[in-house]
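*Asks:* Taken in sequence, the protein lines are chains L and F. Numbers in the working numbering are just positions in the first sequence, counted from 1, shifted up by 458. Numbers in the working numbering are just positions in the second sequence, counted from 1, shifted up by 166.
No lab work stands behind these hints: they were computed from the structure. Mixed in with the good hints there might be a few duds.
[Said to hold, decoys possible] Cut-off 25 Å, straight-line C-alpha distance, at most; resulting in silico cross-link-like pairs (PhoX-like, lysine-lysine):
(1) L:K557 with L:K527
(2) F:K237 with L:K557
(3) L:K515 with L:K500
(4) L:K515 with L:K537
(5) L:K552 with F:K223
(6) L:K557 with F:K180
(7) L:K552 with L:K526
(8) L:K517 with L:K537
(9) L:K500 with F:K175
(10) L:K517 with L:K500
(11) L:K500 with L:K527
(12) F:K237 with L:K500
(13) L:K527 with L:K517
(14) F:K237 with F:K223
(15) L:K557 with L:K526
[Claimed, not checked] Chain L side only, calculated, beta carbon under 8 Å to chain F, not exhaustive:
(16) G487
(17) G490
(18) P502
(19) T507
(20) Q549
(21) K557
(22) V558
(23) P562
(24) G563
[Said to hold, decoys possible] A few chain L residues that don't get close to chain F, going by computed Cβ distances all over 12 Å:
(25) T463
(26) E503
(27) A511
(28) E516
(29) K521
(30) K526
(31) K527
(32) K537
(33) S541
The structure presented is a predicted model; accordingly, all values stated were derived computationally and were not measured. Glycine residues also receive a C-beta, built at the ideal position from the N, C-alpha and C atoms.
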Amino acid sequence: EDQVTQSPEALRLQEGESSSLNCSYTVSGLRGLFWYRQDPGKGPEFLFTLYSAGEEKEKERLKATLTKKESFLHITAPKPEDSATYLCAVQDMKTSYDKVIFGPGTSLSVIP
Amino acid sequence: NAGVTQTPKFQVLKTGQSMTLQCAQDMNHNSMYWYRQDPGMGLRLIYYSASEGTTDKGEVPNGYNVSRLNKREFSLRLESAAPSQTSVYFCASSEASGGGKNIQYFGAGTRLSVL
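Put together the whole structure using the sequences plus the hints.
*Replies:* Take a look at the structure:
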C-alpha cells in the first residue's frame, strides 16, 4: 500500500539556522514527488515536483532532493517568512487515476 | 487570477443537516478533487473527477456525494452531517488526467463544524 511519512512533525529554527525536512515514501513505482507549502488558514501551494532519483530543484532558500526511498527539503538560512507547514505528496505510476497521496506535513517555525 | 474558489469559507451545521460545498476553477483544468484535512492525518481524498460527467471515490467517500456540473465546477454534498465530518475541506484542480503528472492547485478551504 502506498504510504508517505514526514519527519520531524514540527521543527523550530532560529533565523539563519539551516536544516532539512524528510519525506519517506513507499509506492509501487514513482511517477512524481511533490512538495507543497501551506500557510495557516490557507490551501497548500505548489513548490516543486521531482520525478527521478538524483534530481534536485531549487527556489530561493529551498532545495528539494530525491532518492529512491525519500526526499529532503533543505532550508538554507531560513527567515521568519519561511514559517509554514510543508507537505510532501507522491503519485504512484500504477494507479488508475491521478491519485496523489499526501504526508501529514512538517510544521516549521523560524524565530527571529 | 482567481484560480480555485471555494464557498463558503466557514460553516456550522447541526447533526443531520445537509449542505453543499461549492468549488470553481478558472484554469481550464480537466481534473478536480475534494479533500478533507484533519490534524495529524494529512489531506485525504474524498472524491475525484477526471473530466466533466465523471466522478470516482477516493479514500474516504462515505457520507459524501459529488457533482461535476461542468468543466469549471465540482460540488461536494453532505446529505446528513455527522460530528465526524467536522474538518477543513479543500478543493483542488489539475491539468493532468488519466495518469499524467499531477500538480494540483488548491482553494482556500471551507472550515466546517458539525455540532
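*Asks:* Could you run down the list of hints and mark each one as holding or not?
*Replies:* Going down the list of hints, with the structure as the test:
For the suggested pair K557 (chain L) and K527 (chain L), the alpha carbons sit about 19 Å apart, so the restraint of at most 25 Å is met. Annotation: proposed proximity of K237 (chain F) to K557 (chain L) holds, straight-line Cα distance about 19 Å (limit 25 Å). Our distance criterion of 25 Å between C-alpha atoms is met by K515 (chain L) and K500 (chain L), whose separation comes to about 24 Å. Between K515 (chain L) and K537 (chain L) the CA atoms are separated by roughly 19 Å; this keeps the pair inside 25 Å, and the hint holds.
Only pairs whose Cα atoms come within 25 Å are accepted, and K552 (chain L) paired with K223 (chain F) is accepted, the gap being roughly 17 Å. Note on K557 (chain L) and K180 (chain F): the hinted pairing is violated, with a Cα-Cα distance of about 32 Å set against a maximum of 25 Å. Of the supplied pair hints, the one linking K552 (chain L) and K526 (chain L) holds, its CA atoms being roughly 16 Å apart against a limit of 25 Å. A distance of roughly 14 Å separates the Cα atoms of K517 (chain L) and K537 (chain L); the hinted pair therefore holds under the 25 Å criterion.
Distance check on the hinted pair: K500 (chain L) and K175 (chain F) sit about 10 Å apart at the alpha-carbon level, within 25 Å; holds. Annotation: proposed proximity of K517 (chain L) to K500 (chain L) holds, straight-line Cα distance about 21 Å (limit 25 Å). Under the criterion of a C-alpha separation no larger than 25 Å, the hint pairing K500 (chain L) with K527 (chain L) is inconsistent with the structure, at around 29 Å. Distance hint between K237 (chain F) and K500 (chain L) is fulfilled; the C-alpha atoms sit about 24 Å from each other, no more than 25 Å.
In summary, the hint linking K527 (chain L) to K517 (chain L) is supported, as the alpha carbons are separated by about 23 Å, within the 25 Å threshold. For the suggested pair K237 (chain F) and K223 (chain F), the alpha carbons sit about 18 Å apart, so the restraint of at most 25 Å is met. Proximity of K557 (chain L) to K526 (chain L) is assessed by CA-CA distance (about 19 Å); at most 25 Å being required, the pair is judged to hold. With its C-beta approaching chain F no nearer than about 11 Å, G487 (chain L) sits outside the 8 Å limit, and its interface hint is violated.
Because the closest C-beta pair between G490 (chain L) and chain F is about 5 Å apart, less than 8 Å, the hint holds. For the restraint placing P502 (chain L) at the interface with chain F, the shortest Cβ-Cβ distance is roughly 5 Å, inside the 8 Å limit, so the hint holds. Hint status for T507 (chain L): holds, given a least beta-carbon distance of 6 Å to chain F, under 8 Å. For the restraint placing Q549 (chain L) at the interface with chain F, the shortest Cβ-Cβ distance is roughly 5 Å, inside the 8 Å limit, so the hint holds.
A hinted interface residue such as K557 (chain L) counts as satisfied when its beta carbon comes closer than 8 Å to some beta carbon of chain F; here the least separation is about 7 Å, so the hint holds. The closest approach between the C-beta of V558 (chain L) and any C-beta of chain F is roughly 6 Å, which is under the 8 Å cut-off, so the hint is satisfied. Taken as an interface hint, P562 (chain L) checks out: its beta carbon lies about 4 Å from the nearest beta carbon of chain F, inside 8 Å. Using the Cβ-Cβ criterion of 8 Å, the hint placing G563 (chain L) at the interface with chain F is satisfied: the shortest such distance is roughly 6 Å.
With a minimum CB-CB distance of about 10 Å to chain F, T463 (chain L) fails to clear the 12 Å threshold, and the non-interface call is violated. Not every beta carbon of chain F lies more than 12 Å from that of E503 (chain L), the smallest distance being close to 7 Å; the non-interface claim is violated. A511 (chain L), annotated as away from the interface, keeps every beta carbon of chain F farther than 12 Å; the closest lies near 16 Å. At roughly 17 Å from the closest C-beta of chain F, the C-beta of E516 (chain L) stays outside 12 Å, upholding its exclusion from the interface.
Listed as outside the interface, K521 (chain L) is consistent with that label: its C-beta sits roughly 19 Å from the nearest C-beta of chain F, beyond the 12 Å cut-off. At the 12 Å boundary, the C-beta of K526 (chain L) stays outside the reach of chain F, the nearest C-beta of that chain being 18 Å off. For K527 (chain L), the condition that its CB be more than 12 Å from all CB atoms of chain F holds, with the nearest at approximately 19 Å. No beta-carbon of chain F is positioned within 12 Å of the beta-carbon of K537 (chain L); the least distance is around 24 Å.
Chain F leaves S541 (chain L) outside its interface by the beta-carbon criterion, the shortest separation being 18 Å against a cut-off of 12 Å.
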